[in-house]
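These protein sequence lines map, in sequence, to chains A, B and C. For what it's worth, this note's numbering labels the leading residue of the first sequence as 0, then goes sequentially. For what it's worth, this note's numbering labels the leading residue of the second sequence as 122, then goes sequentially. For what it's worth, this note's numbering labels the leading residue of the third sequence as 61, then goes sequentially.
Keep in mind that the hints were calculated from the coordinates and are not lab data. Glycine is no exception: its CB is placed at the ideal position from the N, C-alpha and C atoms. Hints may be right or wrong, so weigh each one.
Computed cross-link-like contacts, EDC-like style, restricted to lysine to aspartate or glutamate with a CA-CA straight-line distance of at most 16 Å [what the hints assert, rightly or not]:
#1 C/Lys146 with B/Asp603
#2 A/Lys157 with B/Asp590
#3 B/Lys690 with A/Asp156
#4 C/Lys648 with B/Asp698
#5 B/Lys266 with B/Glu235
#6 C/Lys648 with B/Glu585
#7 C/Lys648 with B/Asp590
#8 B/Lys635 with B/Glu595
#9 C/Lys646 with B/Asp590
#10 C/Lys451 with C/Asp484
#11 B/Lys687 with A/Glu104
#12 C/Lys646 with B/Glu576
#13 B/Lys643 with A/Glu104
#14 C/Lys646 with B/Glu595
#15 A/Lys155 with B/Asp176
#16 C/Lys648 with B/Glu596
#17 B/Lys358 with B/Glu235
#18 C/Lys146 with B/Glu596
#19 C/Lys646 with B/Glu588
#20 B/Lys690 with A/Asp111
#21 B/Lys690 with A/Glu106
#22 C/Lys382 with C/Glu416
#23 A/Lys82 with A/Glu119
#24 A/Lys148 with B/Asp698
#25 A/Lys82 with A/Glu106
#26 B/Lys558 with C/Asp484
#27 C/Lys648 with B/Glu579
#28 B/Lys654 with B/Asp698
#29 B/Lys690 with A/Glu104
#30 C/Lys646 with B/Glu592
#31 B/Lys643 with B/Asp693
#32 C/Lys646 with B/Glu596
Chain C side only, calculated, beta carbon under 10 Å to chain A, not exhaustive [what the hints assert, rightly or not]:
#33 Pro561
#34 Thr565
#35 Pro566
#36 Val677
#37 Cys680
#38 Glu681
#39 Thr683
#40 Val688
What follows is each chain in one-letter form.
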Amino acid sequence: MGCGCAERRELSGPALDTALLEPYLAEYKDSEAKGGLIAILQKAQDIYGYLPEELLTYIARRVGVKPAKVMGVVTFYTQFRLKPAGKHLVLLCQGTACHVNGSAEIEGAVRDALGAEEGEITGNGLFTYTNVACLGCCSLSPVMMIGDKTYGGLTKDKAAAILKDIEREETSG
Amino acid sequence: MRVTVGKGSCGIAAGASEIWERLRAGLRESGIDCAVAVTGCIGMCYLEPVVNIEDGAETLTFVKVDAGAADEILKRLRGEENDAARYAIRPEDVRLLHSQRRIALRNCGVIDPECIDEYIAREGYAAIETCVRSLTPEAVIEEIKTSGLSGRGGAGFPTWFKWDAARRSPGGPKYIICNADEGDPGAFMDRAVIEGDPHAVIEGMMIAAYAVGSGEGIVYVRAEYPLAIVRLEHALKQARERGLLGDSLFGSGFGFDIRIKAGAGAFVCGEETALIASLEGERGMPRLKPPFPAQKGYRGKPSNINNVETYANVPWILRNGGAAFAAMGTEHSKGTKVFALTGKIAKGGLIEVPMGKTIREIVSGEGGGIKDGKAFKAVQMGGPSGGCIPEALADTQIDYRSLAATGAIMGSGGMVVMDESTCMVDMARFFLDFTCKESCGKCPHCRIGTRRMLEILERVCAGEGREGDIELLEELAGQIRDGSLCQLGMTAPNPVLTTLRYFRHEYEDHIRHKRCTARQCKPLLTYAIDGEKCTGCTLCARQCPGRAITGQVRKPHEIDMSKCVKCGKCADVCRFDAVEVN
Amino acid sequence: MNEIKLTLNGVAVAGAEGQTILEIARAHGVDIPTLCHDERVEIYGACGLCAVEAEGSPRLLRACSTMAADGMVIHTDTGRVRQNRKTALELLLSDHTGDCAPPCTLACPAQTDCQGYVGLIANGQYEEAYRLIMEKVPLPASIGRVCPHPCEDACRRRWVEEPVSVAALKQFAGDLALRQAPAEPETAPPTGQSAAVVGGGPGGLTAAYFLRLQGHAVTVYDAMPRMGGMLRYGIPEYRLPKAVLQEEIDRIERMGVTFRNNVKVGREVTLEHLRATYDAVVVAVGAWTSIPLGCPGEDLSGVLGGIDFLRDAAGFALSGRKVAVVGGGNTAMDAGRTAVRLGAEVWNLYRRTQNEMPAEAIEIAEAEEEGVVFKNLVSPLEILGDNGTVKAVRLQVMELGEPDASGRRSPVPLPGREEILEVDTVIVAIGQRPDTAGFEDIRRSKRGTLIADEHTFRTNLDGVFAVGDAANQGADIAITAIGEARRAAEAAGRYLRGEAPEDRTPYWVKTEPGAEDYAGREKRARVHRPRRGAEERRKDFLEVHGGFSGESAAREASRCLECGCLDYFECRLIRYANQYAVQPEKYKGRMHRRAVEDDIPEIRRAPDKCVLCGLCVRLCEETVGAGVLGFVGRGFDTVVSPAGDREECASCGRCADICPTGALLRADAKRAPGGKVEF
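Build out the structure end to end from the sequences listed, making use of the hints.
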């Protein structure tokens with residue numbers, strides 16, 4: 000099965016491969032490092048899928064800020080995750096237009112379809128859904144974003160079907 | 122001949138990428154040598170995906186293009202018999218496009234945002250060249266002053282004043298920051314501008330840099346806008362390659378470059394001081410002003426912060442003169458404003474109109490009226506900091522002062538239209554939920570106060586409102602406004618205050634009569650089955666989580682309201698419209 | 061530095077350019093509240109309490125972070141400012157979990173800081189413990205012996221096994237003070253004003269003590285030959301030795317209080333005269349009239365009131381007599397046990413069962429041990445006489461019916477069931493009421509008590525206050541009279557200074573935990589005072605209970621769970637909350653209940669008391685340089701938490717010192733009045 004969580008768990012283990020992050024740590028030179036913290040964390044999350052605590056400690060040491068500060072930054076911004084997520088991150092837009100056009104019902108449909116609560120990984124490791132502030136595609140509301148792809152004009156059935164399609168693709172391929 | 126496909130985020134969401142691929146493949150197969158170019162968003166989101174065929178002076182526009190339509194267009198391009206005309210844009214939609222006055226959006230949907238030459242071909246980078254070659258920084262600021270341009274991010278502060286303050290501030294280096302952390306739910310102007318015309322923003326920043334005396338610019342973009350980041354990165358690379366960014370531009374001593382910082386998800390970072398904290402790698406928590414960023418900004422140095430739309434206007438102003446810009450609009454609000462028109466509107470999208478138009482003109486004109494023929498109830502402007510303007514005040518002009526008089530604000534340009542099925546208490550609850558989640562947590566008024574307001578609104582929507590709740594909301598609103606440090610907190614009560622001002626009876630209905638006339642607050646609804654319509658299919662009974670629905674197969678069913686949990690599933694699943702909701 | 065001139069609350073003041081409004085205000089003695097500002101760290105501007113109004117500015121300004129400018133006209137205490145501060149405090153308190161006061165203190169009618177002195181005793185700080193008690197109770201050795209200790213009933217240690225022996229520890233501290241005779245409390249300089257206290261019982265003595273502390277000249281009038289009131293004349297020697305009581309009374313006299321015995325208002329002196337002679341009068345005459353049974357035969361010789369009997373106990377020869385004591389309260393127990401000691405055979409008659417008796421359980425048990433025979437569920441119908449003296453009592457047999465409003469099951473007569481009990485003496489101890497002869501000018505309640513305001517104890521007569529058993533609800537336990545008397549002395553002090561009365565109870569944050577919150581705690585047996593055997597003690601009037609040794613006192617005191625916030629005396633939040641008369645109940649909503657997992661060495665954390673002022677985070681980073689503490693999360697769910705390697709932490713404790721509430725404490729913190737909380 001093409002589920003990504005197994006590989007990711009390995010990364011969070013003792014043998015966390017920090018070498019992958021080296022180029023980015025080097026990119027933000029000393030005086031820049033502190034200001035570049037958010038960018039480094041974003042890269043780290045891209046690489047490892049989430050930000051395990053030992054990685055944060057490592058980044059703190061390399062960047063030269065206190066771990067408490069790094070933790071403060073990570074927990075301030077909604078983009079950062081301290082726990083692993085499913086292979087596909089489903090972002091449900093909760094903007095005004097989406098709300099007016101029934102995003103709450105879409106969330107219900109997604110929750111039912113995935114059988115997981117917000118922030119949880121589905122049993123097959125494929126999905127994690129999370130509510131986000133406006134995705135800026137208001138005229139197609141309600142919308143959701145999976146990876147870089149935005150899906151608009153959702154109905155409950157359409158949302159469920161999109162998730163099923165991805166799941167089918169993953170499990171067959 | 123040139124074929125273009127509108128590929129803004131919304132176009133892509135509507136399937137534009139597939140159409141683009143299909144057209145390219147089709148043309149390649151047919152051996153027709155015609156590029157399929159990409160453009161940004163033309164703003165008519167309700168017509169996406171949009172395909173243009175430019176043939177000499179003539180442009181044909183096809184809308185709502187699906188695979189079938191793409192094939193018809195291909196046939197047309199191959200000169201075969203086709204049915205493409207079916208997908209041609211309708212004249213009234215063309216008229217709506219022409220009724221706008223597009224300054225900030227002048228290139229959006231027209232040029233390929235990934236092609237600097239197309240921007241240059243439309244007088245791009247001419248304004249900065251003129252500035253550097255023949256204008257003093259003071260003269261540039263004077264021109265902006267003449268234009269009357271004010272901050273399009275929401276506050277409406279005069280742009281020239283900020284530039285001038287940053288210019289006069291001692292110390293350096295100075296920074297030019299572009300706020301592209303467009304966070305208002307229901308607003309996507311900045312995304313569309315960056316995706317559709319990134320060079321306009323770059324050029325606007327360059328002009329500001331020249332005026333202020335800055336050598337470094339930063340664009341702070343929301344991480345939720347990946348396409349905007351890609352297009353902007355691409356544009357910056359091209360500009361550098363052309364020597365439009367870097368040291369000593371146009372042979373002068375003036376040098377300037379721009380880098381991108383991606384936000385990480387915090388609405389409050391739209392606030393200047395929080396944005397700076399975030400740029401510095403800190404938690405995005407606002408601090409007290411003064412000192413203003415123009416005095417002490419990024420890295421403690423003088424910094425000028427404007428939003429995307431503001432910068433996008435600047436090159437046009439320098440090319441056409443401040444007076445030309447000031448000729449548009451009202452006495453107190455000059456120029457044009459971009460609006461994201463969404464919600465229960467027939468023709469949602471992005472429009473740019475001169476200041477002074479009325480809300481009603483926009484809703485019934487560019488917006489094409491209310492969706493599904495329902496009644497126009499209100500417009501929400503200014504997002505979580507703004508308010509709901511009722512239909513009765515829809516003749517209010519788009520003007521900073523007139524809008525503020527209603528209790529709403531101009532805001533960044535989100536205009537969410539509501540119809541009779543929108544519950545205003547629920548809307549207030551929605552916005553409070555938003556600000557509560559986005560509060561940075563610094564001030565108790567905002568951190569706990571918005572939470573308590575939300576709890577009150579939640580209980581009102583759940584039918585558990587009490588006498589005195591309205592007064593408590595008003596009291597808290599006043600205190601939060603008085604006690605918060607930044608605009609997020611100070612304006613957080615606005616959605617509640619405006620809905621209380623114009624729709625107080627809805628609150629009273631919820632609290633006293635446990636009634637939601639818009640039928641949005643589920644706990645307040647009652648469900649009954651119309652025996653005439655019910656076929657006894659048992660679907661609702663099987664879906665009912667409270668087992669409140671009973672009845673025999675093929676006989677009308679009944680709902681026991683004492684067991685009903687008011688989830689609304691029965692009404693959702695009924696295929697015969699037999700469940701009455703009251 | 062350029063000088064600037066501004067107007068602060070109508071007064072022209074000068075400051076330097078670059079100073080904040082707060083700095084200038086402080087320099088001129090104008091107090092502006094703040095929770096998040098401290099000179100040791102950089103300006104932050106979070107809490108919003110320092111809001112002030114500046115003329116010409118539509119917005120409130122934060123004094124801590126707004127630079128003063130020349131010509132500013134600042135108001136620091138307007139209605140708008142006060143309301144905004146109050147809201148901030150109310151919002152903070154709506155998500156603040158803790159116990160400002162421990163349950164023992166809350167249960168004590170005199171608000172004695174039980175946890176405080178128990179903790180000091182555990183630390184071996186006996187004199188400090190004594191002084192802490194004296195802030196509320198000037199008769200610790202006496203009250204420690206006789207108090208029915210509502211504090212112990214409320215003690216949360218009862219959920220682990222048994223309450224802490226709070227009263228016995230008070231006795232310990234009080235006794236030690238009598239032996240070691242520490243310096244008398246210092247009285248304020250003479251005010252030139254005077255007060256008369258009518259009644260020398262626990263209430264009157266307390267009022268005299270606290271009035272004297274304020275520097276007033278105080279005279280106590282008492283109808284009896286000696287001071288002490290009910291403590292002397294109502295409590296038997298075996299419970300409270302007269303010598304102990306006298307020593308505590310002497311201490312009050314040594315402070316300069318004048319005692320005048322054998323003077324009864326309405327007899328030797330009039331209230332009028334006292335009012336004319338003194339600037340204030342506190343009436344604490346007690347309740348000395350026994351309530352009669354109201355049955356035939358009560359006028360027979362051999363029928364006595366409980367109080368009358370106890371007052372003159374020594375004068376009764378009861379050897380070989382048969383005595384019936386009617387009543388289930390402590391006075392009935394005292395009467396019964398005294399009669400036993402005088403050689404009588406004693407029956408206690410009570411119309412309910414022992415379970416419903418208002419007397420303390422230990423009093424009942426000890427009475428029984430000493431030979432008092434309890435006859436429950438009987439009610440005297442008639443006292444039968446022979447030649448004018450008591451011969452027997454005719455009793456109605458009762459059963460328990462439905463619970464009444466107070467939750468006690470009411471006795472109901474069983475028709476036709478009567479009994480005769482042959483006795484020669486009947487002591488009626490079913491309650492007392494005040495004798496208010498001589499106080500006719502003071503408005504009185506239906507039950508014959510003097511009516512006084514429940515907060516200020518003012519009566520309808522200007523400058524006359526009434527407390528204790530003679531006032532309002534009537535007879536109650538001594539500690540109630542003491543609590544009222546202290547508050548009345550404060551109110552009288554305000555009256556004498558010409559200040560407006562303070563008529564509100566302080567605000568306290570409270571929690572209501574249950575047994576489940578204490579499950580799994582290590583059990584530690586309660587330490588009891590030594591007690592003489594029943595056979596021995598029933599023969600004399602020597603004290604039944606001994607006192608704690610230092611070792612056993614410390615062992616018992618260390619059982620305290622320290623329920624009350626250890627930072628209470630330094631907490632700025634509670635100080636401001638009371639200054640601004642908060643009412644946070646209206647904002648009741650979700651509250652945090654956070655478990656503390658990752659403690660910092662030598663620091664105790666209570667995140668649910670954190671106000672997110674950020675002082676600790678900033679101090680640790682900016683001044684200490686350790687950066688161990690940081691904010692985690694955002695908005696309502698933000699919490700201060702350590703992260704990374706705790707080795708960076710030098711355990712310097714400065715975070716705890718700077719914390720304005722009890723959210724961070726040094727591990728060895730004790731609840732002690734360092735800086736006093738003023739209300």
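Query raised in the report: Given the proposed pairing of C/Lys646 with B/Glu596, does the C-alpha separation stay at or below 16 Å?
Result: Within the cut-off at roughly 11 Å; holds.
Report task. Sort out whether A/Asp156 lies within 16 Å of B/Lys690, counting only the CA atoms. Result -> 14 Å, holds
Query raised in the report: Does the structure keep C/Lys646 and B/Glu595 at a Cα separation of 16 Å or less?
Result: At roughly 13 Å apart (the allowed maximum being 16 Å), B/Glu595 and C/Lys646 satisfy the hint.
Report task. Return the status of the interface hint for C/Val688: holds when the least beta-carbon distance to chain A is below 10 Å, violated otherwise. Result -> Nearest chain A Cβ about 6 Å off; hint holds.
Query raised in the report: If you take the shortest Cβ to Cβ gap from C/Glu681 to chain A, is it below 10 Å?
Result: C/Glu681 check passes; min Cβ-Cβ to chain A is 7 Å, inside 10 Å.
Report task. Could you grab the alpha-carbon distance between C/Lys146 and B/Asp603 and see if it respects the 16 Å cut-off? Result -> Distance of about 12 Å is within 16 Å: holds.
Query raised in the report: Can the hint on C/Val677 be confirmed by a CB-to-CB distance to chain A that is less than 10 Å?
Result: 8 Å, holds
Query raised in the report: Between B/Lys690 and A/Glu106, does the CA-CA distance stay at or below 16 Å?
Result: 14 Å, holds
Query raised in the report: CA of C/Lys648 to CA of B/Glu585, is that 16 Å or under?
Result: The hint holds at about 14 Å.
**Report entry** Hint consistency between B/Lys643 and A/Glu104 [alpha-carbon to alpha-carbon, up to 16 Å]
**Finding:** Status holds; Cα separation ~12 Å.
Report task. Using 10 Å as the Cβ threshold, decide whether C/Thr565 counts as touching chain A. Result -> At about 40 Å, which exceeds the 10 Å cut-off, the nearest Cβ of chain A leaves the hint on C/Thr565 violated.
Query raised in the report: Given the hinted pair B/Lys690 and A/Glu104, is their alpha-carbon gap at most 16 Å?
Result: Between B/Lys690 and A/Glu104 the Cα gap is close to 10 Å, so the pair holds against 16 Å.
Comparing the model with each earlier hint shows violations of hints 2, 4, 5, 8, 15, 22, 24, 25, 26, 33, 34, 35 and 39; every other hint is respected.
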